[in-house]
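The sequence shown begins at 1113 in the working numbering and counts up one residue at a time.
Read the hints as simulated data drawn from the structure, not as lab findings. Be a bit skeptical, because a hint or two may be false.
Stated by the list, open to error - Calculated pairs, DSSO-like style, for lysine-lysine (alpha carbon to alpha carbon, straight line, at most 27 Å):
| no. | residue 1 | residue 2 |
| --- | --- | --- |
| 1 | K1203 | K1341 |
| 2 | K1278 | K1288 |
| 3 | K1533 | K1180 |
| 4 | K1197 | K1336 |
| 5 | K1288 | K1341 |
| 6 | K1289 | K1203 |
| 7 | K1336 | K1180 |
| 8 | K1165 | K1278 |
| 9 | K1305 | K1246 |
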Amino acid sequence: MLHSTTRHDLENKLYETYQKVKVLAETDSLTGLPNRYFFDESLKLALANNRRKNNTLALLLLDIDNFKLINDNFGHDIGDIFLKKTVATIKSCLRGNEIFARLGGDEFAITLTDLESSEHASIVAQRIINAMQKPLEIVSTPIHSTVSIGIALHLNNNETSEEIFKHADIAMYRAKKWGRNQACFFEHEMQEKFHNRLQTEVELRVALEKQQFQLYYQPVIEPKSERVKGFEALIRWNIDGETRAPDAFIQIAEETRQIIPIGLWVIENAISTLAKWNNGLKDPYTMSINVSAVQLRNIEIVDFLVDCLFKYKVPAHLLEIELTETALFKDTLTSRQVIAGLTETGCRLSLDDFGTGYSSIAHLRNHPISVVKIDKTLMPESNLDAKNSALVEGLVAMATILGLDVVAEGLETQIHVELCKRLNIQRVQGYYYSKPIPASEIEKNIFK
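Sequences and hints are given; from them, build the entire structure.
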């Protein structure tokens, strides 16, 4: 009898110890929420139940926006308190029967089961977003942050827990890309776009090695004489039998910083081509090269450009470096050093898309701009488009007073040409004269 009682007590203690260990293994020590391990197992079970019940299940992935700044500015202790208070805020938006877990860092997951429709998932997400608008007071200091949410639905199909998690993750990063502080549903088109982006990133890594890039050149014309005065170098990517324009890959190249080696390739090829075309000319051509914000953060670009000018014996003033307002807006110490370095080489700086941004005039004051390129969207659609005509005229007058050269882009009609002639715009470019074409066609048709 005594032996039996002792064994029973030991079994109870063993079970209690097991339960404590199990809780520790499945719980996040900071917030008290279920951890990643518990979440993974519970999601698999929830999906299995959802298939049997024929209901809708939604997975919400949440990421606190700019949480790193909170840790950096206030310290990790305050960051931990902020996470605990954020958990309490999110819990207040839930019914209590959801699976709410901390996956790690500032990333959380919520599984909503037995939903009547997908609309309920969006309601919960928006409720959380609204609740997070209020700053959390920590040590008498109000700290504000927002949350980005990705939502994936499981509509009684055969998706695995790994697949639905991946879908929610893609949706969350899309929400961040759209500006944060919002929720985004996963869509199959998004998955295809995401896959294409990854594929493009992989292909870009070997594009230079495989010599798949090519420069096209658009002639820059003097409208009154219709003489070619120079060219703008524009990159193309020849892969799998198709020619891809910059819109299809430049943004990905910038995000992955592959634009750095690609940009250096463009600089050398454009300069070497200009040297070839100017050989023996009394009135040499100019060459415009586009430089992005990411390239402006690479201090090596200045020395590389100087070496290319020396190597191919091209006078620096024949080179125009085109910068967008976006590039100038992302102002850093390095970018200022690069811009100053480019100016010191003797190259001319050109402000692209002039007249369309919020701060174009400020850039003329703050940077050594020599050329402005009036954006093609400002060109009048007809003789009756008095507003755009007046806008172009005003921009040209201002640039002239400031001693800047003016280039008009996007000329497509005789109306555009006549306007530029009337305003004494020195240089123009557009499909009216020529689209961007390979160097071989330039040499065949223009240098004949």
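Hint-by-hint comparison with the structure:
As the CA atoms of K1203 and K1341 are separated by approximately 66 Å, the hinted pair breaks the 27 Å bound. Distance check on the hinted pair: K1278 and K1288 sit about 16 Å apart at the alpha-carbon level, within 27 Å; holds. About 54 Å separates the Cα atoms of K1533 and K1180, which puts this hinted pair outside 27 Å; it is violated. Distance check on the hinted pair: K1197 and K1336 sit about 69 Å apart at the alpha-carbon level, beyond 27 Å; violated.
As the CA atoms of K1288 and K1341 are separated by approximately 44 Å, the hinted pair breaks the 27 Å bound. At roughly 26 Å between alpha-carbon atoms, K1289 and K1203 fall within 27 Å of each other, so this suggested pair holds. Proposed proximity of K1336 and K1180 is contradicted: the alpha carbons are some 57 Å apart, above 27 Å. Of the supplied pair hints, the one linking K1165 and K1278 holds, its CA atoms being roughly 23 Å apart against a limit of 27 Å.
Proximity of K1305 to K1246 is assessed by CA-CA distance (about 34 Å); at most 27 Å being required, the pair is judged violated.
Violated hints for the displayed structure, listed by number in ascending order: 1, 3, 4, 5, 7 and 9.
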